[in-house]
Amino acid sequence: MSKIIKKFPIEEKYALTHQVKRASRSITNNIAEGFGRFFYQENIQFCRIARGSLAETLDHIIIAHDENYISDEEFAEFRTLNNECLKLLNGYISYLKKSKIQNS
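The end of the sequence shown is residue 103 by numbering that gives the first Met the number 0, with every number in the run present.
A couple of the hints might just be wrong.
[Claimed, not checked] Lysine-lysine pairs mimicking BS3-like chemistry, simulated, CA-CA at most 25 Å apart: (1) Lys5 x Lys20; (2) Lys2 x Lys20; (3) Lys86 x Lys2.
Note that these hints are calculated values from the structure, not bench results.
Generate the whole structure from the sequences, applying the supplied hints.
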């Protein structure tokens, strides 16, 4: 994310730049917090929150692209990575759900 937000204009420092940093950091923060929870359901809930933060980050990057802060190529690369993260996160949620059922 640092590579992308460095391209944002200075007037976005306390607006879009801050929002992208906050949303993107929230993804891994919530995954870590969920992992630290004892119960499967709590872990799943924090992963769902992380998924929401992933969607929020994508929305901010769409805005950055629409405002021509990032190139089409950078946007396409971000979309690819975002989709990969979404698949991994959904797979982890599915794994947790199956583990919960097996351990019940």
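* Could you check the structure against the hints above and give me the numbers of any it violates, in ascending order? => The structure conflicts with no hint, since it agrees with every one listed earlier.
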